[in-house]
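Q: The primary structure of each chain is shown beneath.
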Amino acid sequence: DQQVKQNSPSLSVQEGRISILNCDYTNSMFDYFLWYKKYPAEGPTFLISISSIKDKNEDGRFTVFLNKSAKHLSLHIVPSQPGDSAVYFCAASARETSGSRLTFGEGTQLTVNP
Amino acid sequence: DARVTQTPRHKVTEMGQEVTMRCQPILGHNTVFWYRQTMMQGLELLAYFRNRAPLDDSGMPKDRFSAEMPDATLATLKIQPSEPRDSAVYFCASGLVLSRRHEQYFGPGTRLTVT
Numbered sequence: 001d002q003q004v005k006q007n008s009p010s011l012s013v014q015e016g017r018i019s020i021l022n023c024d025y026t027n028s029m030f031d032y033f034l035w036y037k038k039y040p041a042e043g044p045t046f047l048i049s050i051s052s053i054k055d056k057n058e059d060g061r062f063t064v065f066l067n068k069s070a071k072h073l074s075l076h077i078v079p080s081q082p083g084d085s086a087v088y089f090c091a092a093s094a095r096e097t098s099g100s101r102l103t104f105g106e107g108t109q110l111t112v113n114p
Numbered sequence: 001d002a003r004v005t006q007t008p009r010h011k012v013t014e015m016g017q018e019v020t021m022r023c024q025p026i027l028g029h030n031t032v033f034w035y036r037q038t039m040m041q042g043l044e045l046l047a048y049f050r051n052r053a054p055l056d057d058s059g060m061p062k063d064r065f066s067a068e069m070p071d072a073t074l075a076t077l078k079i080q081p082s083e084p085r086d087s088a089v090y091f092c093a094s095g096l097v098l099s100r101r102h103e104q105y106f107g108p109g110t111r112l113t114v115t
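Chains as they are written, first to last, in my numbering: chain A, 1 to 114; chain B, 1 to 115.
Hints in this document: simulated from the structure, not taken from any laboratory. The beta-carbon is built from N, C-alpha and C at its ideal position, and this holds for glycine as well. Heads up, some of the hints might be wrong.
[What the hints assert, rightly or not] Listed next, the stretches of chain A that the computed footprint assigns to chain B, with coverage defined by at least 3 CB atoms under 8 Å from CB atoms of chain B:
(1) 16-22
(2) 40-51
[Claimed, not checked] Which residues of chain A face chain B? A few of them, derived with a C-beta cut under 7 Å, are:
(3) 28
(4) 32
(5) 100
Chain B on its own, in the form it takes in the complex (with noise of 0.2 Å):
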C-alpha cells in the first residue's frame, strides 16, 4: 500500500529557530506538492515540483521558506527563522500527471507549532 509519508508527525520549536519538515512522495510519482492549513485559509499551496525541478513557488513566503527535492525520494521545506504565525498543519501531497489524471496523494502532515 504506497503512501506518502512525513516527518516529523508534529513539532513544537521556539520563535527564531529553524524547521525543517521532510516528506517522502509516492515512488514513481513524478510530482511534489506542498501545502500549508491553516484555520483561516483552508488548504494553500506553497510549493510544488515536477521530475525535481522546482515549477512555482509563489505561495511561500521567500524570506523565510525554501523547499527543496534532494532526489526522488526526498522533499524538504525549510523555515528559517520560524515565526508564530507559521504554526499551521503542513502537507506534502505527490501525483503522477498521466493521461490528464491530476489526482495527488497527500501526506499525514507535520503539525507545527511556534511559541
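Looking at chain A on its own, in the form it has when it is part of the complex (with noise of 0.2 Å):
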C-alpha cells in the first residue's frame, strides 16, 4: 500500500521557467510533510517542509503547497536553475500515531535544461 505517491517518474524544465512537482497521499493521519533533494550517490538533502496547520510555507526559491482536502502537496521552484537537477522525494509524517518515522513516495527526477 503506496501511502506515499509521485505519479511523474521525470519531469524537464527550461533554466528560469517554473519547476512543479507533485505529490499525492492517502493517509488522512499524515500532519507533517517534507521534500528532500537527492543527487547521485548523495543521501537525501532536507529542502523544505510543511505542518498540516499550513497551506503554504516558503524558502528562497523554493515553496510548498498543500491541498489537505485533496490531500495533495506540490513544491514549486522558481527560477529554476541546473543545479536543481536531481530526484525530489517527498515524504510525510503521523507524528501523533507514527512518531518521527518519514513514508516517501517514489522521487521525481527533475532535470532543468540550461
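Starting from the two chains in their separate frames, assemble the complex, guided by the hints.
A: Structure (C-alpha cells):
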C-alpha cells in the first residue's frame, strides 16, 4: 500500500522557468510533510517542510503548497536552475501515531536544461 | 558542519558472507534510522531507534538483518548471511525530535553489492 505517491517519475524544464513537482497521499493521519533532494551518489538532503496547519511555506526559490482536502502537496521551484537537477522525494509523517518515522514517495527526477 | 557519516561507502561481497555497515549520527540527535534504496522500492525504512532503543524494525528481514546502537555515536546494520537480493544502497539518517519538527538528515549511503 503506497501511502505517498509521486506519479511523475521525471520532469524536464527550461532554466529560468518554474518547476512544479507533485505528491499525493492517502493517509489522513499525516500531519507533517517534507521534500528532499538527492544527487547521485549522495544521501537525500532536506529541502523544505510544512505542517498540516499551514497551506504554504516558502524558503527562497522553493515553495511548498499543501491541499489537505485533496491530500495533495506540491513543490514549486522558481526560477529553476541547472543545479536543481536531482531526484526529489516527498515524505510524510503522522506525528501523533508514528512518531518521527517518514513515509517516502518514489521520487521524481527533475532535469533543468540550460 | 555536522553530518551523518557512514562506512564503508562501497562494499562488494559474495553471497553468504557477513556484512556490517556503520553509521555515526549527528551529535545530539536522538533518533537514528536505517533505509534501503533499490530501483524498485524507493526509500524503504528498515529500522529506527530513539535514544538508542529500537522502536521499530518491522521493515527488516528478521532472519538475516540486525540493527543495534552500541552507544550514542554508533549505529550498526548487519546482514548475515548476505544474499544477492540485498544489493542496494543503505542510508542512515539521524534527527532530533523537538518542537514537533521531524526533519531527518541522511548520510552518503553504503552501496552494497552481493554477488
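Q: Among the hints numbered above, which are violated by the structure, and what are their numbers in rising order?
A: 1, 3
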